[in-house]
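Protein chains: 2
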Amino acid sequence: MKVTIIGIGLIGGSMAIKLKASGFASHVIAVDNNESHCRIALERGLADEVMDLDEAVAISDLVIIAIPVDATLKLLPVVLDIVKTQAVMDVGSTKQLICQAVADHPKRKRFCATHPMWGTEYSGPGSAIASAFTGKAAVICNAVETDNDVLDIVKKLYSNLHMHLVYMDAAAHDVHTAYISHVSHITSFALANTVLEKEKGDNTIFELASGGFESTVRLAKSNSAMWVPIFVQNRENVLDVLNEHISQLKKFKACLEKENYDYLASLIENANSIKRIIK
Amino acid sequence: MKVTIIGIGLIGGSMAIKLKASGFASHVIAVDNNESHCRIALERGLADEVMDLDEAVAISDLVIIAIPVDATLKLLPVVLDIVKTQAVMDVGSTKQLICQAVADHPKRKRFCATHPMWGTEYSGPGSAIASAFTGKAAVICNAVETDNDVLDIVKKLYSNLHMHLVYMDAAAHDVHTAYISHVSHITSFALANTVLEKEKGDNTIFELASGGFESTVRLAKSNSAMWVPIFVQNRENVLDVLNEHISQLKKFKACLEKENYDYLASLIENANSIKRIIK
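Chains R and A, in that order, are what the protein sequence lines are. Start counting the first sequence at 0; every next residue gets the next number (numbering that gives the first Met the number 0). Start counting the second sequence at 0; every next residue gets the next number (numbering that gives the first Met the number 0).
You may find that some hints are simply not true.
Just so you know, same-sequence chains aren't split out, so a pair can sit in one copy or run between any two.
Claimed, not checked - With a cut-off of at most 20 Å between alpha-carbon atoms, the simulated SDA-like pairs for lysine to any residue come out as follows: (1) K250 / D53; (2) K83 / N147; (3) K252 / R234; (4) K252 / N242; (5) K220 / D261; (6) K108 / A170; (7) K278 / R217; (8) K106 / A57; (9) K154 / E48; (10) K199 / I276; (11) K155 / G134; (12) K197 / N271; (13) K197 / E243; (14) K274 / T119; (15) K278 / E213; (16) K106 / L52; (17) K257 / D69; (18) K278 / F205; (19) K199 / N271; (20) K249 / L238; (21) K197 / K274; (22) K274 / A171; (23) K220 / G210; (24) K135 / S122; (25) K274 / D201; (26) K278 / S126; (27) K19 / N159; (28) K135 / I204; (29) K250 / N222.
Derived by calculation from the structure, the hints in this document are not laboratory data.
Only chain R is shown next, with the shape it has when bound in the complex (with noise of 0.2 Å):
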């Protein structure tokens, strides 16, 4: 199957090498504005050659958009707009707004709209790794809106990629991410600035860092090009999120400010519980 490529970034390049090594792609085209990237993808063997979205649309079979979610609204309908029986799918970490912008276009049937639950705090083709995608969930939303035909060959895509699929619609999906995801970034954020304020005062804050702040401020790597679409697009959904973490922060202060030990112990046990879902 000839691939198009839209974003040969940390997705698209990590998507490119399992595709390829799996035999699901033959020949895989990126189309992406960053040249460096495109040159990259080449020398890596991400991509086999790099083309104008119109060229590589009309020879492909498949076209997945793997940029972030703010260029995927604008250039979702002008891929559909050539599309003729093309499937195409975005990868993107938002889902409403994006099947919104194409809910009436007379291509919609050509599209599924997916997200692959997987990223790391690195982006661009050089950062693409083979192992990516392995064993996460890749959800795919409004099913229904989609012709069956798109619908298997995302499936093996998937598959392929060794994902196993959640179904759900794209309203949930939202929510989801949100507290799965999109609010995990903003905490990092913050607990990233919170040190680096203080370091500004005192530059020897950091000799003691060790794995457990790695561990808590490794999404603040996270890049903004890509983030501050996600947190627009999902604006109403991480603001409920971020307003029930904070208050769920209040109460830690709350219990030290009270000197309320007994309430501290059972707000840690209670979160000690997260035990059930990762291990």
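Add chain A to chain R, keeping to what the hints say.
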């Protein structure tokens, strides 16, 4: 050298593995109220034998106190009461109250206050690992209050654990660890509680959990018996940092509420500079 380890858990047990392997400890004696921990320590070869406190201290060259910081506060003066020429060190996550507790003790100079900056979210001797400590910092506090021969033993010990030394006074240590460790734990506990609260009404919430979420909530598995006493002893510093962290989170909230996305991008770009610190 004969070494007594009081509290043969994650830290004490991991120390035992390396101190025996490196030849620093010719004989390790475990002192622990937890019979199951003693049994596991003997089975895993972390300790050569188990003894009562008094007899263990009497025949040892070095006594390592590796128990929760509330228990250390009580036990350290008791240990110094029975010490003759032995060296004594603790490994607790707070330092100021512990140093104050023995400031006027006649054997104060036989004690060295330390904190190796390593841990995991697990506890007990079953979680002790040989790869612990390597490459991390070990803090020695108020070194001038310790006899040189005791300091030399502690330096040699941390060298055998492949740690580098950082010297600071106990008050500075407690401020630093509030930033770099204690508030990370509160953030993680609170994030876990935020998501667990949502799960009560939606039991599919964790289907999408991936690496980013796991990274930020990993510390939420940490033990309340260890962490409540740390928060109690470092209450004022932790409250200061927690207030700062909540105000940093509120900046993100204000950006979203006011749709001020330029400022949101600048907050994220500021957080990105944590790359300087953690690779």
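* Violated constraints from the hint list, given by number and in increasing order -> 1, 9, 22
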